[in-house]
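Visitor: If you read the sequences in order, they're chains U and W.
Our numbering applies: residue 12 is where the first sequence begins, and numbers increase by one.
Our numbering applies: residue 1093 is where the second sequence begins, and numbers increase by one.
Read the hints as simulated data drawn from the structure, not as lab findings.
Among these hints, one or two may not hold up.
Claimed, not checked - Computed footprint of chain U on chain W; a stretch qualifies when at least three of its residues, placed anywhere within it, have a C-beta under 8 Å from a C-beta of chain U: (1) 1204-1216; (2) 1376-1384.
What the hints assert, rightly or not - Some residues of chain W that are not near chain U, with every Cβ distance over 12 Å (derived): (3) Ser1184; (4) Phe1239; (5) Tyr1246; (6) Arg1263; (7) Gly1265; (8) Ile1326; (9) Ala1329.
As the structure is a prediction and not an experimental result, all values here were calculated from the model.
Backbone N, C-alpha and C define an ideal beta-carbon position, used for all residues, glycine too.
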Amino acid sequence: MTTAALAPGAESARFSRTREGATVLAVYLTSIAVALLVAALVLWATGGSPTTVLSAMLDGSVRADARWGRTISEAIPLLLVALGTTVNAKAGLVNIGQEGQLFVGAALATYVFTHIGVSGPFVLILIMLAGVVGGAIWAGIASALRYRRRMPEVLTTLLLVFVAAQLVGYGLKNSNLLLDPTPDQANRLLVSERLDPSTRLPRLSWFGNEFPVSAFVALALAVVVALVLSRTIVGFRLQMLGRGPRTAHRAGVSESRYGGMALVVSGAFCGLAGAFMLVGGDFGNYRLTPGFAVNIGWEGLLVALVARSHPIVAIPAAFVFAALRTGSGFLAATGVDRDITKVVQALLVLALLGPPAILFVRDRRRALAAARDRV
Amino acid sequence: MIVDFFSAVGDVLSSESTYSSGWRLATALGFVAVGEWIAERAGTINISVEGAMLGGAFAAAMGYDATGSIAVGLLVGAGAGLVVGAVQAHFSHNLTANQFVVGLTLNILVLGLASFLNSTLKPETAAAHVFEVPGLVEIPLLGPALFGQPWPLYLLYPLVPLAWWLVHRTRWGLEVRAVGENPQAADVSSINVNARRRQAIYIAGITSGLGGGYLLLGQVGWYEDSIVGGQGFIAIAAVIFGGWTLRGAMLGCLLFGSANSFRLSLPGVGHPLNSELLSSLPFVLTICVMALFAHRTREPQSLARPFIRGLR
Chain U
12 MTTAALAPGA ESARFSRTRE GATVLAVYLT SIAVALLVAA LVLWATGGSP TTVLSAMLDG
72 SVRADARWGR TISEAIPLLL VALGTTVNAK AGLVNIGQEG QLFVGAALAT YVFTHIGVSG
132 PFVLILIMLA GVVGGAIWAG IASALRYRRR MPEVLTTLLL VFVAAQLVGY GLKNSNLLLD
192 PTPDQANRLL VSERLDPSTR LPRLSWFGNE FPVSAFVALA LAVVVALVLS RTIVGFRLQM
252 LGRGPRTAHR AGVSESRYGG MALVVSGAFC GLAGAFMLVG GDFGNYRLTP GFAVNIGWEG
312 LLVALVARSH PIVAIPAAFV FAALRTGSGF LAATGVDRDI TKVVQALLVL ALLGPPAILF
372 VRDRRRALAA ARDRV
Chain W
1093 MIVDFFSAVG DVLSSESTYS SGWRLATALG FVAVGEWIAE RAGTINISVE GAMLGGAFAA
1153 AMGYDATGSI AVGLLVGAGA GLVVGAVQAH FSHNLTANQF VVGLTLNILV LGLASFLNST
1213 LKPETAAAHV FEVPGLVEIP LLGPALFGQP WPLYLLYPLV PLAWWLVHRT RWGLEVRAVG
1273 ENPQAADVSS INVNARRRQA IYIAGITSGL GGGYLLLGQV GWYEDSIVGG QGFIAIAAVI
1333 FGGWTLRGAM LGCLLFGSAN SFRLSLPGVG HPLNSELLSS LPFVLTICVM ALFAHRTREP
1393 QSLARPFIRG LR
């Protein structure tokens, strides 16, 4: 290796930085293009037309009447889940139990409003607190097992998703827990009582598009999470823990305290998302139902992955994923099954997982080659 | 209440169909657990087995629809499982992306793809015929369960000892175990760590695909999106429950399979029992066992840690 390459001039450094940026961009764009191409191929092979599907999806998510409000409504819980996931990802922990944490949060929120006996705006706050607590407890189990019994949090969070589904299912079968006790239900639907109108979250109506005010809470929380992670001691310690547990240990960062906190906070965000879904009215019509979580937890996790754990980037990512959800509602008219959107979502995530790994491998090859030259 | 419970258990235990259905449910898990066990010994918690199983089931339906042969269906199913496994392997042990993230995304991708293709192509399928092993099927209670089943089930019987032999009695198996315990040491012994891990995941993919195919052609008989419904995850739980030994993993499958059949047959004999409790049993039990015996079972020391030469 020549000395010029080891200590390049300012001119060539700037040039190489631009070129580097262009390469990174090119790798990402190629990767996304390949993913969309694969989705188009699947469609085309089964006799669907990619252009009509795209147009129907755009209609369903933004263009048609009152649809972008609906998309925002679905983006709120996705964003909240993604924010929580960002926190634990920064601490180097993998939480894949968002679906369960969200469901338990929503269930505890339901339990509170069905048993508290009063209604009103004050109860609304209590309901949301219950959601936060529910999600935090569910993640807290995994956290305790991680730091007391050294069980990998990935497994426990995943296994707890299925326990949560059964637990809430059990609650919805018993009228002293969650089931609506009114006897006049025709076919014994397993749903909870309906939320009293005075305890619901206010909804805004802009240009014929309706969405609950929790949208602003979610946006504000995104900014808060971004600031806490980048500008505070706590955020710094979390990131230190994520990047080098040994260094963090030497610097006096308690792994169990900060790691455990990150997991609990992550669960709390999911629980809040569940509570907002309940009081916002876009999911389950102000009732808890057996399939209440409708994959929001899983997809919120994907949003966090796509955003690469940047809280602010998660905002547009959540909107895009919500648009894929709401857009799929308009696919029935085109005769294409709505499950194609799941394919598109997963392909997009895979496409975005590839580039950083490819760039990492390339950088390592280069570094190894340089090291070999020096020897 | 207690007497009721025990009489219910007695009724269930004395009927042959309980054993039959329990064994059927356990073997479906067994196919997946065998492969997952090998993958975990090599150091990967391969959560894409759920997707491989579902992909295998759907591909088996397509294969049967196209040729009318159960064997071809199973083969196509195993092939689809291999494809899922290959994607998982190359993303996690070639590109070093996070294995859980890749696995989860693959599960979502396969679920979406299978349900989309199913609604468009609608494959027609049938269940495999029952083959009774002459003589052995006469054994009271257990005979019909073990030897009077749809024939694809018998594929598992040679598969289990084969997997044990492969991992514990061949050079390849030794290398796989070394890679799961101490990849750095394996690496300096000139073992290609990530290649071994990839190969182990391929095998997990194949057996999971086969398990999915068996589930479709041997048990259910038609494709539906919920056909797998978390059984891949239960198989992973069984491997962990079994403390990363093949014997333990198979025992776990048997236990979880019987719990599932209990849940299905209890209402049949007139004893409604808490079915949610039984459904969540595999997961709760695995968590409890891990928490209680964490210091006694020995997991592969590098489980779920990616290997990059020069980085620890």
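Visitor: If any of the earlier hints don't hold here, list their numbers in rising order.
Guide: The structure conflicts with hints 3, 8, 9, although it agrees with all the remaining ones.
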